[in-house]
Amino acid sequence: MITDVNSNKNFTPLLSLHQKEGGKLIPFAGWQMPVEYSGIIQEHRQVRKDAGLFDLSHMGEIQVSGKDALELLQKLATNDLSLLQEGQACYTVMCHEKGGILDDLIVYRLQGKLSNLDEYLLVVNASNTNKILRWIKDHISADKEVHIQDLTHETALLAVQGPNSQKFLQEFCPLDLNSIRYYYGTQTEVAKISCFLSRTGYTGEDGFELYFNPKFAEQLWTTLRKKGVPPIGLGARDTLRLEAGYLLYGNDISEEISPLTAGLSWVVKFGKGDFIGKQSLLKQKEEGISQKLIAFTMENRSIPRKGYRLFLNSEKIGITTSGTFSPTLEKGIGLGIVEFSQMKEDPFKTGMKIEVEIRGEKHPALICKKPFIKGSVKYGS
Amino acid sequence: MVPENLYYTKEHEWVLLQNGKAKIGITDHAQKQLGDVVYVELPAVGAQLKQMSSCGIIESVKAVSEIYSPLSGKVKTSNIALSDHPEKVNHSPFGEGWMFELEEIQESELKNLLSAQSYRELIGNES
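Just so you know, the sequences run in chain order A and B.
The first sequence begins at 1 in the numbering used here and counts up by one.
The second sequence begins at 1 in the numbering used here and counts up by one.
It is possible that some hints are incorrect.
[As the list claims (entries may be wrong)] When the alpha-carbon atoms are kept at most 30 Å apart in a straight line, the in silico DSBU-like pairs for lysine-lysine are as follows:
| # | chain 1 | residue 1 | chain 2 | residue 2 |
| --- | --- | --- | --- | --- |
| 1 | A | Lys-98 | A | Lys-331 |
| 2 | B | Lys-111 | B | Lys-21 |
| 3 | A | Lys-362 | B | Lys-50 |
| 4 | A | Lys-227 | B | Lys-32 |
| 5 | A | Lys-24 | B | Lys-111 |
| 6 | A | Lys-306 | A | Lys-272 |
Calculated from the structure, these hints are not laboratory results.
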């Protein structure tokens with residue numbers, strides 16, 4: 001990927017192809033990325049019912065290797081990475097000392113201890129790539145053997161997502177894709193181009209992500225497009241992830257929000273040894289949290305957006321962190337952070353009626369469970 | 001698409017003058033910029049609007065935008081079909097996707113609006 005020094009803008013290797021395809025480009029975390037092609041709703045439905053192709057080359061890729069790599073990552077991440085097998089992936093967060101989230105990320109174990117070259121790949125949010133690089137480097141002791149490499153600009157990332165994505169990709173791949181389980185990956189070839197291929201995604205559908213050399217990006221994109229899989233922009237990526245109940249950094253989680261508040265206690269492994277933020281998170285766990293993330297659907301046609309105030313019986317209880325029109329449910333859906341007294345029992349239950357203030361008027365909504373819809377993804381398969 | 005027989009605003013509304021009344025909507029260029037329209041809030045019938053005052057809301061999947069009244073006047077009717085079918089704004093911005101109609105307008109205010117030619121220049125000569 002090319003970095004334009006003058007404007008500090010990063011460009012995906014597929015920029016000119018996106019323009020040719022009629023993609024509407026927007027600035028996103030320092031990158032020019034396609035937000036939509038044929039329209040967000042149509043693209044969204046395409047992924048839910050069939051399959052779609054995403055360019056995610058803006059995501060940050062950081063390689064951490066060396067004999068002390070695991071020890072370092074265990075100190076930085078809240079999840080237990082020591083359990084990872086070669087090729088296995090893990091969703092985790094990194095926290096600061098007070099327990100706020102620095103980023104949410106996927107960690108792949110590329111090579112195991114046996115090869116004597118312990119190697120991990122971290123896939124981080126584009127908006128946080130530089131912050132996390134700095135954070136990792138700042139926590140390496142001089143006596144440790146760890147190598148950090150920012151591979152963001154040497155990595156193109158495509159995703160094929162949707163219930164038919166395996167059927168679609170299998171035609172291009174010598175490997176039996178049934179052998180790749182959810183949250184595992186392997187080095188293989190797709191359309192004769194060497195890729196690291198994993199069964200991961202951010203849509204709630206079954207699907208794959210392909211990491212490879214950007215000099216082949218146009219070739220691979222064009223090959224896959226010719227077989228009829230339509231391009232999907234970041235607009236539909238957002239509506240898909242929200243329907244699936246996935247969090248977005250900068251919206252639902254941030255340095256002010258702890259993983260326990262955000263409903264991510266399943267990625268915090270207190271038993272694994274010490275990690276940054278552990279003491280603060282333990283304290284939160286023992287004393288009880290006083291805010292939490294809820295999901296809600298609108299009871300009328302209005303659409304919640306980030307930053308709208310939430311009410312219960314005319315008392316302000318919190319704020320919307322994400323909101324959109326759900327193309328599947330055809331109504332407004334949202335996530336929000338609500339506050340309550342930590343002395344009392346959490347009062348916010350599924351099915352409870354709350355209100356969202358939109359342009360000065362209160363609109364009825366119902367607290368619901370995540371995900372809003374169940375897609376074809378088979379967790380833990 | 002910028003029809004010759006309409007007046008336009010810099011905020012991308014169009015005006016059709018008909019028997020002393022003004023029918024109003026948003027342009028094809030505007031609907032393309034917005035993307036899929038999923039919610040429309042129109043001014044109440046009988047409301048008195050001032051020229052270029054914010055009088056409604058249009059929401060696409062991604063964003064919220066305001067609708068401005070191109071002229072002063074009293075709202076005679078609004079297109080209630082849009083509340084159940086906001087996508088009409090995308091499919092037919094100059095037809096079934098119209099938004100509201102004003103009466104008691106002042107024709108002297110038309111001088112503040114753009115001709116089709118000027119509007120075309122504003123949006124960069126998009127055909």
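Subject >> Holds or violated: Lys-98(A) to Lys-331(A), with C-alpha atoms at most 30 Å apart >> reply: violated (37 Å)
Original post:
Taking only the CA atoms, is the gap from Lys-362(A) to Lys-50(B) under or equal to 30 Å?
Top reply: Roughly 26 Å between the alpha carbons, so the hint for Lys-362(A) and Lys-50(B) holds.
Original post:
Within a Cα-Cα threshold of 30 Å, do Lys-306(A) and Lys-272(A) meet the stated pairing?
Top reply: violated (35 Å)
Subject >> Agreement of Lys-24(A) and Lys-111(B) with the hint, judged by alpha carbon distance not exceeding 30 Å >> reply: Judged against 30 Å, a Cα distance of about 34 Å means the pair is violated.
Original post:
If you draw a straight line from the CA of Lys-111(B) to the CA of Lys-21(B), is it 30 Å or shorter?
Top reply: holds (16 Å)
Subject >> Agreement of Lys-227(A) and Lys-32(B) with the hint, judged by alpha carbon distance not exceeding 30 Å >> reply: Holds, at roughly 28 Å.
The structure fails to meet hints 1, 5 and 6 from the earlier list, while all remaining hints are met.
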